[in-house]
Amino acid sequence: MPRREGTYGLLAEFNTPGELVHATEEARAAGYRRMECYTPYPVEEAAEALHFHKNRVPLVCLLGGLMGVTTAFLMETWIAVWAYPLNIAGRPLFSWPAFIIPAYEWTILFAGLSAGFGMIALNGLPQLYHPLFNAPNFRNGATTDKFFLCLEAADPKFSHHETRAFLERFHAVSVVEVDH
Amino acid sequence: MATKQPINDPMIDPRTGEYAVIAPGHNFKSVTQKIAGVVLTSNTPLGWFFGLMVAGGVATLVVIAVTWLFLKGVGIWGVTMPGAWGFAIINFVWWIGIGHAGTLISAILLLFKQTWRNSINRFAEAMTIFAVVCAGMFPLIHVGRPWLGYWLFPYPNTMNVWPQFRSPLAWDVFAVSTYATISVVFWYIGMIPDFGTLRDRAQLPLAKYFYGMLSLGWRGSTRHWIRYETASLLLAGLSTPLVLSVHTVISFDFAVAALAGWHTTIFPPYFVAGAVYSGFAMVLTLAIPIRKWYHMEDLVTLRHLDNMAKVMLATGSIVGYGYGMEVFMSWYSASHWEFFMMWNRMFGPMGWAYWMLILTNLAIPLTTLWSRKLRVNVGFLFVLSFIVNIGMWFERFVIVVTSLYRDYLPSSWGTYVATKWDYMLFIGTWGLFTVLFLMFARFLPMIPMSEIRMMLPQTKITRHGPDAETVIEETT
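Keeping their order, the protein sequence lines are chains A and B. Mind the numbering: the first sequence is residues 1 to 180 in the working numbering, read in order. Mind the numbering: the second sequence is residues 1 to 476 in the working numbering, read in order.
It should be emphasised that the hints constitute simulated quantities derived from the structure, not laboratory data. Mixed in with the good hints there might be a few duds.
[Said to hold, decoys possible] Derived coverage of chain A by chain B (criterion: at least 3 residues anywhere in the stretch with Cβ under 8 Å from a Cβ of chain B; other residues may be distant): (1) 34-45; (2) 56-64; (3) 98-108; (4) 127-135; (5) 152-163.
None of the values given here were measured: they were computed from a predicted structure. Here a beta-carbon is modelled for each residue, glycine too, at the ideal position from N, C-alpha and C.
Generate coordinates for the entire structure from the input sequences, incorporating the hints supplied.
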């Protein structure tokens, strides 16, 4: 459980994605690990600079899809063969080709819901409060046209003066301290 | 073609001769201001209120028609033997077909990396959802006892009865409910970052609260973005087979029945193509006035209209092939019933509907859309989009009615006459659709801001640090 009082981190603001990626690569090279970029649209280069390559959304989606196909097919089989057997024009009770269609739909339903809600859950959302919203310039820019790098205080290498000096090397528009 | 255009037209890319997807001169801030401004403005255009008033008035027809239906039963409609399916099923298939273009634009074009779609995908998705709302109503009120509509779903009950999974009508329940759910989820997830933008730009406390809750606390973190992009791609990958399967299953409602005119294997592909055809027509119907009223001509450009018209040309040709093949098979099958059905469809008492369909769905669009001049003629496209949707409605009318009203036994032949309640309900759904769309245009970001930002030239990573000596070599 990280500390919930004091400084959350130092937030540097940049005007272009190029400057942000450069600063992030340098911070990573300098040994910072607890850091995050905030951008108004997905910047893949920033994720590379953070060495964030893998995410578990595809796995969650796959598991959801497998759950959907299994649930639907077993349910249909159980209903049609055991729970409520009906003779429809002499067709076999276990008419599996017909069962494929609802099973197919539920594969997509479960996989899609897992991908969507799995993404939200893995992102830790909904999280209506976040320390960064306290920064005076964050909400003006992070969802519009500015690019932010936050070096977090939880990083062992973090120190108020050295980290600030480090960030100021990149000619950021501003470097502000963010409190919890 | 490019040489025929004036050279200094800023909307034409000099390298390709194509219309630009976004007008030059935009930056992150200007697109955000433009799109968010529609939602966050305190000056709602008077036309919006006027439109809402008219559409709301039309939508009350739904309320009246459905109330009377619930009091009296489906006998107030024109459905009777042998034409047991009438306007309700025609409208259901028509509306859900319209919805399909939204999913196609948001999913299939995303997978194919057609970034031009970014400007139009949000309102195309909204169109999908509102069309599904209109469509979904019809089978529910058509079941006769709509208060028992939940019997369609498999759930444990004291009667110990369960759905019959060998019936296409049961498949339909799964297909349409899945389609509605996934469309809503895809649409909402697409809007989360934009809700974050609106939350941060809103001035009114109520708007801040409303968009803040909807944004789930989105803050644009890179790790979030990567998961978000993965989820979007997965949802697109899932929606693509879904959208193809939904209209396929709907066509099974017809094709599985042993009725001349319905019992054909060409129905699934031809229904899907027809759905996309009518859906793109509806996107044009909506996009053309919206880009004009909200001055979005630089975000929804002639390139979009041109591309949509091309998709309509392609899908319209597939539909035309479908019609041709139906006629051919009715002769080639050497089946007396098939042959009579087609003769009756073309030259019987309702032959006018068939020729209306050929005129509006094939003759007018498939001769004119080849011309680039007409494809970028906004007024022409607007009129054409109505013509195609009228044609697609007649297609469903022809399929449902002219296959049913003269069946195998001449003594049971009848006709189909829609009643005023049928018309009221159908016209009312236009009002309902328009009301929902106007609300969407006013309160939700109708163009995805984050995706438009990705298309701007400023997104290019230059890799040049502010210090001259920290230039990093481009590796890719």
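Taking the hints in turn, this is what the structure says about them:
no. : hint    : result
1   : 34-45   : holds (count 10)
2   : 56-64   : holds (count 3)
3   : 98-108  : holds (count 8)
4   : 127-135 : holds (count 6)
5   : 152-163 : violated (count 0)
Going through the hint list in order, the structure does not satisfy hint 5, though it satisfies all others.
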